[in-house]
Amino acid sequence: MTKVGIIIFPGSNCDRDLAEGLVSTGFSVEFIWHKNIELPNNLDILAIPGGFSFGDYLRCGAIAAKSPITDAVLRFAKGGGYLIGICNGFQVLCETGLLPGALVGNVGLKFICRQESLLVENSNSIFTSKYYFGEKIQIPIAHHDGNYIADTETIAELEGNGRVVFKYLENPNGSINNIAGVLSRNRRVLGMMPHPERAVNKIHKSNDGRSLFLSLLESFR
Amino acid sequence: MKVRVYVMPKDGLLDPQGQAINIALINMGFAEVKKVRQGKVIELELEETDKILIKNRVEDMCQKLLANSVIESFHVEDI
Chain A
6 MTKVGIIIFP GSNCDRDLAE GLVSTGFSVE FIWHKNIELP NNLDILAIPG
56 GFSFGDYLRC GAIAAKSPIT DAVLRFAKGG GYLIGICNGF QVLCETGLLP
106 GALVGNVGLK FICRQESLLV ENSNSIFTSK YYFGEKIQIP IAHHDGNYIA
156 DTETIAELEG NGRVVFKYLE NPNGSINNIA GVLSRNRRVL GMMPHPERAV
206 NKIHKSNDGR SLFLSLLESF R
Chain B
93 MKVRVYVMPK DGLLDPQGQA INIALINMGF AEVKKVRQGK VIELELEETD
143 KILIKNRVED MCQKLLANSV IESFHVEDI
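Chains A and B, in that order, are what the protein sequence lines are.
By this note's numbering, the letter at position 204 of the first sequence is numbered 209, and the numbering carries on one by one without gaps.
By this note's numbering, the letter at position 25 of the second sequence is numbered 117, and the numbering carries on one by one without gaps.
Pulled out of the complex, with its shape left as it was, chain A reads as follows:
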């Protein structure tokens, strides 16, 4: 069974939703406390869930990115490991340097929690192979600091190499080029602000997040 390690920080609050989404799509999961310095054996994927790690103190994700577990996470990524960071997890991945850019306050200065339309900009990644290019999907967002920024060269590089995987149809937060999710250079690390784990089952308004988890699962078969 494909096994996902979910890292938990004080203030993480989407860890169980993410576990449920993963289990319902065929993964096994193991929770990992941020104070550990080693990852469990036999992990196929690492996930950093949404929430408000360390109360968003200093900058969103900044303190979590310096946790005792971070060195092990960096080693996992350097060894070619697959990682997904959702919402606060995306912020943490940017703060660790595993993903470029940063997430700053929404332009409207408001916390936004609602269903959002996204466009799939790259369906060739291991995270998005079950979508088709240009597909319009519905996935909720819930953030105050989802405004993705990076310098002009970085944005050009991301756009030019298919590293932007999701874009907002209508920009809710001011992100450059409507960017909602990006890949690392080796395409094995995904960070995204929308919550696919909140769009996976019957009680959710949309099930469009399932394809992301199923894409990932298939890449391990």
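One or more of the hints may lead you astray.
[To be verified] Below, a sample of chain B positions facing chain A; criterion: calculated Cβ distance under 7 Å:
#: 1; residue: ALA112
#: 2; residue: LEU157
#: 3; residue: ILE163
[Said to hold, decoys possible] No farther apart than 25 Å at their CA atoms in a straight line, the calculated lysine to aspartate or glutamate pairs in the DMTMM-like style are these:
#: 4; chain 1: A; residue 1: LYS40; chain 2: A; residue 2: ASP76
#: 5; chain 1: A; residue 1: LYS172; chain 2: A; residue 2: GLU223
#: 6; chain 1: B; residue 1: LYS156; chain 2: A; residue 2: GLU158
#: 7; chain 1: B; residue 1: LYS126; chain 2: B; residue 2: ASP170
#: 8; chain 1: A; residue 1: LYS40; chain 2: A; residue 2: ASP22
#: 9; chain 1: B; residue 1: LYS102; chain 2: A; residue 2: ASP49
#: 10; chain 1: A; residue 1: LYS83; chain 2: B; residue 2: ASP152
#: 11; chain 1: B; residue 1: LYS132; chain 2: A; residue 2: ASP61
#: 12; chain 1: A; residue 1: LYS8; chain 2: A; residue 2: GLU223
#: 13; chain 1: B; residue 1: LYS102; chain 2: A; residue 2: GLU158
[Unchecked claim] Between beta-carbon pairs, the in silico distance windows are:
#: 14; chain 1: B; residue 1: GLN130; chain 2: A; residue 2: ASN191; range: 32 to 38 Å
#: 15; chain 1: A; residue 1: THR159; chain 2: B; residue 2: ALA112; range: 26 to 32 Å
#: 16; chain 1: B; residue 1: PHE122; chain 2: A; residue 2: ASN212; range: 24 to 30 Å
#: 17; chain 1: B; residue 1: ASP170; chain 2: A; residue 2: ASN212; range: 36 to 42 Å
#: 18; chain 1: A; residue 1: TRP38; chain 2: B; residue 2: MET93; range: 33 to 39 Å
#: 19; chain 1: B; residue 1: PHE122; chain 2: A; residue 2: SER29; range: 52 to 58 Å
#: 20; chain 1: B; residue 1: VAL125; chain 2: A; residue 2: GLY85; range: 48 to 54 Å
#: 21; chain 1: A; residue 1: ARG119; chain 2: B; residue 2: GLN109; range: 19 to 25 Å
#: 22; chain 1: B; residue 1: LEU138; chain 2: A; residue 2: LYS8; range: 42 to 48 Å
#: 23; chain 1: A; residue 1: SER29; chain 2: B; residue 2: GLY121; range: 24 to 30 Å
#: 24; chain 1: A; residue 1: LEU79; chain 2: B; residue 2: ASP152; range: 44 to 50 Å
#: 25; chain 1: B; residue 1: ILE171; chain 2: A; residue 2: ASN212; range: 55 to 61 Å
Honestly, the hints are just simulated from the structure, not real lab data.
Quantities reported herein were computed from a predicted structural model and do not represent experimental measurements.
Even for Gly, the Cβ is constructed at its ideal location relative to N, Cα and C.
Based on these hints, arrange chain B on the given structure of chain A.
Okay, now just chain B, sitting in the frame of chain A:
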């Protein structure tokens, strides 16, 4: 010894908080306000007196944690 670290959004970066403060000030009648930028101040108390050593250490802290070079600039002052 104490030092104060000033962390500011980089020039040219959109600063929605600064903009909101700017608008509020203008609405209050402070029409002369042309631009507001909001950053943060972090005070550190250190068990060290060597100023050069402190400068190097605090700059290291800024680069590693206190500021994010993608979006922020910083400078350090003695108190």
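Hints and how they fare:
1. ALA112: At 6 Å from the nearest chain A Cβ, ALA112 (chain B) passes the 7 Å test, so the hint holds.
2. LEU157: Result: holds, 6 Å to nearest chain A Cβ.
3. ILE163: With Cβ-Cβ at 5 Å, under 7 Å, it holds.
4. A:LYS40 <-> A:ASP76: The given pair, whose Cα atoms are some 11 Å apart, holds under the 25 Å limit.
5. A:LYS172 <-> A:GLU223: The hint holds at about 23 Å.
6. B:LYS156 <-> A:GLU158: holds, 23 Å
7. B:LYS126 <-> B:ASP170: violated, 30 Å
8. A:LYS40 <-> A:ASP22: Holds: LYS40 (chain A) and ASP22 (chain A) sit about 21 Å apart, inside 25 Å.
9. B:LYS102 <-> A:ASP49: violated, 38 Å
10. A:LYS83 <-> B:ASP152: The given pair, whose Cα atoms are some 24 Å apart, holds under the 25 Å limit.
11. B:LYS132 <-> A:ASP61: Measuring from Cα to Cα gives roughly 14 Å; hence the hint holds.
12. A:LYS8 <-> A:GLU223: Since the Cα atoms of LYS8 (chain A) and GLU223 (chain A) sit roughly 13 Å apart, the hinted pair holds (cutoff 25 Å).
13. B:LYS102 <-> A:GLU158: holds, 17 Å
14. B:GLN130 <-> A:ASN191: 32 to 38 Å: Since GLN130 (chain B) and ASN191 (chain A) have Cβ atoms about 37 Å apart, the given range 32 to 38 Å holds.
15. A:THR159 <-> B:ALA112: 26 to 32 Å: At 27 Å between Cβs, range holds.
16. B:PHE122 <-> A:ASN212: 24 to 30 Å: Check failed, 51 Å falls outside 24 to 30 Å.
17. B:ASP170 <-> A:ASN212: 36 to 42 Å: Cβ of ASP170 (chain B) to Cβ of ASN212 (chain A): about 58 Å, so the range 36 to 42 Å is violated.
18. A:TRP38 <-> B:MET93: 33 to 39 Å: holds, 36 Å
19. B:PHE122 <-> A:SER29: 52 to 58 Å: holds, 55 Å
20. B:VAL125 <-> A:GLY85: 48 to 54 Å: holds, 52 Å
21. A:ARG119 <-> B:GLN109: 19 to 25 Å: holds, 22 Å
22. B:LEU138 <-> A:LYS8: 42 to 48 Å: Roughly 44 Å apart at Cβ, these two residues keep to the hinted range, so it holds.
23. A:SER29 <-> B:GLY121: 24 to 30 Å: For GLY121 (chain B) against SER29 (chain A), whose Cβ atoms are near 57 Å apart, the range 24 to 30 Å is violated.
24. A:LEU79 <-> B:ASP152: 44 to 50 Å: violated, 18 Å
25. B:ILE171 <-> A:ASN212: 55 to 61 Å: Because 56 Å falls inside the window, the suggested range holds.
Violated hints, in rising order: 7, 9, 16, 17, 23 and 24; the structure is consistent with all others.
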